[in-house]
Structures are given as C-alpha cells and as structure tokens.
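Engineer: Sequence positions in the sequence shown follow the numbering used here and run 15 to 83.
Hints listed in this document are in silico derivations from the structure and should not be mistaken for laboratory results. Each residue gets a CB set at the ideal place from its N, CA and C atoms; glycine is no exception. Worth double-checking, as some hints may not be accurate.
[To be verified] Between beta-carbon pairs, the in silico distance windows are: (1) Phe53 / Arg23: 15 to 25 angstroms; (2) Glu77 / Gln52: 28 to 38 angstroms; (3) Arg23 / Tyr65: 11 to 21 angstroms; (4) Pro19 / Ile54: 24 to 34 angstroms; (5) Pro66 / Ser21: 10 to 20 angstroms.
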Amino acid sequence: MFYQPISIREAVDEVNSNWFLPAIQRPYDWGERNKKEQFIYKLFDSIMREYPIGTLIIWKTNEAIPYRH
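Turn these sequences into a full structure, and let the hints guide you.
Structural biologist: Written as structure tokens, this is what we have:
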C-alpha cells in the first residue's frame, strides 16, 4: 500500500469511469441526484481548502468488475 496524490480532475474522471464502492465498505446513500452532486461538490471543496476529510480507501485491481451497484 502506498500514498499516491492525484488531482481533483483525476479523481472525478476515475469516479465517472472506474471507481466504485467495494462490498467491504458500508453502503452510502446521499439521496436524489441533485443532493448527491452537492455533497460531492462540498467534499471536493473541503479537499481544495485542505480541510480534514477522513480517509478514502481505494482498491485498484486488474480484474474486470462484472457489475456496479
């Protein structure tokens, strides 16, 4: 395991194409789409302001993911 810094743009691109919430994480529900997007904007705003946000665990695998929830 290692720390690899990435930009907000790279994170957004990955969220839109490759990243998903692994089954080992608790499920999340941020409500309807507009509310979800507001929470995501607030998260990235906090990151840009260097506020503490907790930990994001990302698991990179070369295996194909058969489905997304």
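Engineer: Could you run down the list of hints and mark each one as holding or not?
Structural biologist: Structure-based check of all given hints:
Distance hint for Phe53 and Arg23: a CB-CB separation of about 19 angstroms, consistent with the stated range 15 to 25 angstroms. Between Glu77 and Gln52 the beta carbons are some 33 angstroms apart, a value that agrees with the proposed interval 28 to 38 angstroms. For Arg23 and Tyr65, the hinted distance range of 11 to 21 angstroms is satisfied, since their beta carbons lie about 19 angstroms from each other. Checked against the hint of 24 to 34 angstroms, the C-beta distance between Pro19 and Ile54 comes to roughly 19 angstroms, which is inconsistent with it.
For the pair Pro66 and Ser21, the beta carbons lie near 19 angstroms from each other, so the given range of 10 to 20 angstroms is met.
Comparing the model with each numbered hint stated earlier shows that hint 4 is the single one that does not hold.
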